[in-house]
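**Student:** Single-letter residue listing:
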Amino acid sequence: MMTLKVNGRDHQVEAEADTPLLYVLRDDLALNAAKFGCGLGQCGACTVIVDGKAVLSCVTPLLLVEGKQVTTLEGLGSIETPAPIQRAFMEEQAAQCGYCIAGMMMRAQALLQRNAKPTDDEIRAELAPHLCRCGTHMRILRAVHRAAHLMQTADASTVQRSAQ
Amino acid sequence: MFASVAVALVVAGAVAAFVVAWRPAIAAIDPAAPPSFDDALVKRGRDLAAIGNCSTCHTTRGGRDFAGGLPVPTPFGTIYSSNITPDADTGIGRWPEDAFRRAMRSGVDRDGRHLYPTFPYDHFTHVSDEDDRALYAFLMTRQSVHAVARANQLPFPLDRRFVIAGWKLLFLRRDSYQPDPAKSAELNRGAYLVEGLAHCGACHTPRNALGAERTSASFAGGEADNWSAYAINAQSPAPVPWTAEALFAYLRHGWDPDHGTARGPMAEVVGNLSDVPDSDVRAIATYMAGVFGAPTEDRKRRAEDVLAQVKSPTPPASQTSSAGAAIYAAACATCHETGRPLPYGGVNLALSSALSGPDARNAANIVLSGVRPVEGERSPIMPAFASSMSDAQIAALLSYLRSRFSNQTAWTGVEKTVEDARRTQTVFLQTAVDAQNVPADASQRDKP
Numbered sequence: 000m001m002t003l004k005v006n007g008r009d010h011q012v013e014a015e016a017d018t019p020l021l022y023v024l025r026d027d028l029a030l031n032a033a034k035f036g037c038g039l040g041q042c043g044a045c046t047v048i049v050d051g052k053a054v055l056s057c058v059t060p061l062l063l064v065e066g067k068q069v070t071t072l073e074g075l076g077s078i079e080t081p082a083p084i085q086r087a088f089m090e091e092q093a094a095q096c097g098y099c100i101a102g103m104m105m106r107a108q109a110l111l112q113r114n115a116k117p118t119d120d121e122i123r124a125e126l127a128p129h130l131c132r133c134g135t136h137m138r139i140l141r142a143v144h145r146a147a148h149l150m151q152t153a154d155a156s157t158v159q160r161s162a163q
Numbered sequence: 000m001f002a003s004v005a006v007a008l009v010v011a012g013a014v015a016a017f018v019v020a021w022r023p024a025i026a027a028i029d030p031a032a033p034p035s036f037d038d039a040l041v042k043r044g045r046d047l048a049a050i051g052n053c054s055t056c057h058t059t060r061g062g063r064d065f066a067g068g069l070p071v072p073t074p075f076g077t078i079y080s081s082n083i084t085p086d087a088d089t090g091i092g093r094w095p096e097d098a099f100r101r102a103m104r105s106g107v108d109r110d111g112r113h114l115y116p117t118f119p120y121d122h123f124t125h126v127s128d129e130d131d132r133a134l135y136a137f138l139m140t141r142q143s144v145h146a147v148a149r150a151n152q153l154p155f156p157l158d159r160r161f162v163i164a165g166w167k168l169l170f171l172r173r174d175s176y177q178p179d180p181a182k183s184a185e186l187n188r189g190a191y192l193v194e195g196l197a198h199c200g201a202c203h204t205p206r207n208a209l210g211a212e213r214t215s216a217s218f219a220g221g222e223a224d225n226w227s228a229y230a231i232n233a234q235s236p237a238p239v240p241w242t243a244e245a246l247f248a249y250l251r252h253g254w255d256p257d258h259g260t261a262r263g264p265m266a267e268v269v270g271n272l273s274d275v276p277d278s279d280v281r282a283i284a285t286y287m288a289g290v291f292g293a294p295t296e297d298r299k300r301r302a303e304d305v306l307a308q309v310k311s312p313t314p315p316a317s318q319t320s321s322a323g324a325a326i327y328a329a330a331c332a333t334c335h336e337t338g339r340p341l342p343y344g345g346v347n348l349a350l351s352s353a354l355s356g357p358d359a360r361n362a363a364n365i366v367l368s369g370v371r372p373v374e375g376e377r378s379p380i381m382p383a384f385a386s387s388m389s390d391a392q393i394a395a396l397l398s399y400l401r402s403r404f405s406n407q408t409a410w411t412g413v414e415k416t417v418e419d420a421r422r423t424q425t426v427f428l429q430t431a432v433d434a435q436n437v438p439a440d441a442s443q444r445d446k447p
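Protein chains in written order, with numbering that gives the first Met the number 0: chain E, 0 to 163; chain H, 0 to 447.
One or more of the hints may lead you astray.
The following label-pair restraints were derived from C-beta to C-beta distances [stated by the list, open to error]:
id : chain 1 : residue 1 : chain 2 : residue 2 : range
1  : E       : 12        : H       : 419       : 29 to 39 Å
2  : H       : 39        : E       : 114       : 44 to 54 Å
3  : E       : 148       : H       : 22        : 56 to 66 Å
4  : H       : 374       : E       : 89        : 27 to 37 Å
5  : H       : 31        : E       : 148       : 42 to 52 Å
6  : H       : 74        : E       : 92        : 51 to 61 Å
7  : H       : 154       : E       : 130       : 43 to 53 Å
8  : H       : 406       : E       : 51        : 35 to 45 Å
9  : H       : 375       : E       : 0         : 45 to 55 Å
10 : E       : 51        : H       : 411       : 30 to 40 Å
11 : H       : 154       : E       : 97        : 53 to 63 Å
So the derived list for chain H, only partly shown, Cβ under 8 Å to chain E, looks like this [claimed, not checked]:
id : residue
12 : 322
13 : 326
14 : 329
15 : 330
16 : 333
17 : 382
With a cut-off of at most 30 Å between alpha-carbon atoms, the simulated BS3-like pairs for lysine-lysine come out as follows [unchecked claim]:
id : chain 1 : residue 1 : chain 2 : residue 2
18 : E       : 4         : E       : 52
19 : E       : 4         : E       : 67
20 : E       : 34        : E       : 67
21 : E       : 4         : E       : 34
22 : E       : 67        : H       : 415
23 : E       : 52        : H       : 415
Because the hints were derived from the structure by calculation, they are not lab data.
Even for Gly, the Cβ is constructed at its ideal location relative to N, Cα and C.
Only chain H is shown next, with the shape it has when bound in the complex (with noise of 0.2 Å):
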């Protein structure tokens, strides 16, 4: 009775195992006979397939374009991404229409196998059909590369896909974008952008235990290949609020005069958006400014003294003989604090979110890094300090410019973030032939 009870349970349990893990394949198409495309549809799929970054994690850098192989670092352990140019064996170029939309919507391969959420189709959900065929088009349009696969690097049972399917139950939630009737058409595309196909929560919003956004905190700051993605709500520690226009400057140039400028894998972004249209820019920007909401009082006031000490700085109170300040004013200032202006001259730091940041993690990887320019483009520039300065004098510089120039308590362990940062360099740096940098003027791109 009772083992055929517990035999009852085991088939029961398997079935709906069964029931909950596996998907069909989906019939290839005949790569003899790729489907044709409007060029229209091509090049809405290009615009699309900027705004969601996809070269960023799909190609290596110096690599082919949507090959990919480039090695996602996890909590969890090491995920490559996949080829996705048109390639009939190691691409997506078996896939019909139907199986590159069904892995946009719930993370699964032509074949039925459960793919990873790195690959963040917990956005890719609000995509709407015509953008899934329009980015479908453009990827099929690619140029094919044969360019197998690596072999994701994750410990048992991670490494078994049933996983994600429980993974999926728990955090995948199907539900398409719906437009708010009540709000402008502008908000709506920036919310429909910005929660779908942009998936800037996938960095900016912190992740649980099993690596799912927490939704109760959404944009209040995460993770991106070893630099913090900063708050982008009312938590954002930038000096001087973010505002609709300053956000559009931004994301459209990559650098703004009261915020400084991208880089990191916030360049990367940037510079794919630089081919997109001004109208989605600005309904990103429009939808985002909403998300930082408007600023209080005390934050106004703040940001206010601190522009007023950019325009007309006057020397710190006390003249400091730390070695952080000795440093600051000799390797620093030059460029930080002679008032040349951006995107050529260094930010002044009192403008900086990275010594206002809950962490000295970003500031670590610029100045160990510097940011190398773009390959034959005007663009910013910084040296890098990592073959001139110990982890010591790089803590002792860190402490002293958060002291310096921002209103936050110090940050503890700094020693220790700048050792982690020299000895974990972003995957970006790692693999970087090319430059992870946005040119100056992006309208310059299409120039001879």
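In isolation and in its complexed conformation, chain E is listed as follows (with noise of 0.2 Å):
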């Protein structure tokens, strides 16, 4: 049994210490924003943030969260009223098939966290761990300028709840 601090809230866990982070968010706390895709730490769909830095989840086991807060793309927004990040994907139509996309906004979060205006070129170096393979690469450079701007002008109607 162990304690998980996961969007602001203690979990009771039962799992040992070597578990991956990501089972035991998408199979015993059915937070399933984050994606089983290689399950090697090559793709980038099981992106989550702890205390403040974007970690690959799969290959991050629970003795290594121990005590940090752990967020995920729920722990950001929702769908009434989703953070910026989640408003400028949608408004810049971001996702195709969508599976990278939640990986991608938490990494892009985590980015934004620590530099607000990033350039193309460090938002093209900070994601390049994720694949894409529907291909809608320029559309989520856009999206992550959108956010940036968005979290700038402190738009009331968006809750801001920045990640741990």
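Mind docking these for me? Both chains are given alone in their own frames, and the hints should help you get the complex.
**Tutor:** Okay, here's the thing in structure tokens:
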């Protein structure tokens, strides 16, 4: 039994210390935004934020997140009150099949938290570990820029909860 | 009397210093009428520049080819590489061939200024006139880039270039390569390339307090850009001894099943070699196999044990529950223990030189930064763990890996090594827009 802090709440989970974080998020906590893609840390679909940093949850055992704040896409906003990053991806229609997008958004969110106005090159370099087979890359780039803009203008209609 | 002797000594000293340090400028050529070159000569120069790994230092990641500006960290300060494109004002466009050859042979630029030995002219003295001509032809036919050299960051008096003249007096031997008629043409070719243009010793030979290679410890292991460059002689830490065949495979393709994948600065070297003819790569491999020497009976036995273990792994004798073991099981074993073949699978860590090497630096670098794939090419890959593991956790992991996968004594100060690795990320990683890696199959490169 261990305590996991996810999206601001403590959860008691019944799992071994070497269980990948992704399995617990999806199977035990029913937080399904983070996706199982390759299971080898090579595609980025499982990315979540741990203590402000983008982390590949499929190769991150629970013992590495003990006592840390885990944020998943569900923790940023909801359908009713999407976070700026979610609104921006919707407004730019940046998802096609969408499988990679939750991971893309989480790493972009972590980037924007430490660099409010990244350049194209910085976004490309940051998102390089993420694969998208549909090819919406240009829209994803635009969406990250749009999210940066939304966060700066602090639109009253969005609840901006910054990931820990 | 006394005063006049002193004056005479000072004058004599000044004259001697002048003779040692002063080099004449060589007249500039007219940039409006650049020399023309034969295509075959330019092509040969391209292969030679690849063997010389010129672009690695003379190009910044994502920057224009050969335009210089890469910061090279040294124990004395940071030196920036120069622009060697044919730009007339900021490159070598006004250099005649003899000025280029003088720079290669004795580290002096066209104006007569001494060059810092980060430019490895102590090796390039061995390069033949013919090869210098081809290199010159290649560089003079590159795209001109206007890029002013960045000022070096060196403390006084090292920022004074006459100091370099003294260094050369002590350490620069201006001997050219002499072939050994008793050896095969291939061995001679390999020696000529390794000791000369390829300047392998610049990283793989330890340096003395003044930054010169310790010739008494040739290939005994040195340093490159905050990575350890392993010993590539009899002291090699490789669990399975290197052979000419394995070296050829590694230098040709960037990986070898018994030794793993090139990464760090060596990935650059191997990436450059991918364009070089087989015969030259084979010559380098053959010569280096001789430098490694035949393994002792002990090493052979150990290698057989390791290979047998890799083929049919048995779980570690005592199931430890250390943090390091748990991290390995959860984060590493999925790739490193599934037996998926290289270069896409992770190498079985029992074969890893990084874990058998003298310090944990390379293993720390690789866990922190991973291996980024080459843009648009099939290539090895490993995720970075800098964001998910603390220094203490990586240290615990590395200490566990050392005890499980090498037969060497434990490293000391591992956490400090990890801290250093995190703080002083290597230049290649800092400046990397493109990945520093090798394609899985270099022959795929020219295909559409």
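**Student:** So does residue 374(H) sit 27 to 37 Å from residue 89(E), Cβ to Cβ?
**Tutor:** Since residue 374(H) and residue 89(E) have Cβ atoms about 29 Å apart, the given range 27 to 37 Å holds.
**Student:** Regarding the pair residue 4(E) and residue 67(E), is the alpha-carbon distance no greater than 30 Å?
**Tutor:** 7 Å, holds
**Student:** Is residue 4(E) close enough to residue 34(E), meaning Cα to Cα at most 30 Å?
**Tutor:** Given that 30 Å is the threshold and the Cα spacing comes to 19 Å, the pair holds.
**Student:** Tell me if the straight-line CA distance from residue 34(E) to residue 67(E) falls inside 30 Å.
**Tutor:** This hinted pair holds, its Cα atoms lying about 21 Å apart.
**Student:** Using the C-beta atoms of residue 148(E) and residue 22(H), is the stated range 56 to 66 Å upheld?
**Tutor:** 57 Å, holds
**Student:** That 42 to 52 Å hint for residue 31(H) and residue 148(E) (C-beta), does it hold up?
**Tutor:** Given range 42 to 52 Å: holds, Cβ gap about 50 Å.
**Student:** Hey, residue 67(E) versus residue 415(H), does the alpha-carbon distance stay inside 30 Å?
**Tutor:** Holds, because 23 Å separates the two Cα atoms, which is no more than 30 Å.
**Student:** Could you check if residue 330(H) really has its C-beta closer than 8 Å to a C-beta on chain E?
**Tutor:** This interface hint holds because 5 Å falls under the 8 Å limit.
**Student:** Mind checking the hinted window 45 to 55 Å against the Cβ distance between residue 375(H) and residue 0(E)?
**Tutor:** Holds, since residue 375(H) and residue 0(E) (Cβ atoms, about 46 Å apart) stay within the stated range.
**Student:** Is the hinted range of 29 to 39 Å satisfied by the C-beta distance from residue 12(E) to residue 419(H)?
**Tutor:** 35 Å, holds
**Student:** Taking the closest Cβ pair, is residue 333(H) under 8 Å from chain E?
**Tutor:** It holds, given that the least Cβ distance between residue 333(H) and chain E is near 6 Å, below 8 Å.
**Student:** Checking hints one by one. Is residue 326(H) an interface residue toward chain E, by the C-beta closer than 8 Å rule?
**Tutor:** 6 Å, holds
The structure meets every hint from the earlier list without exception.
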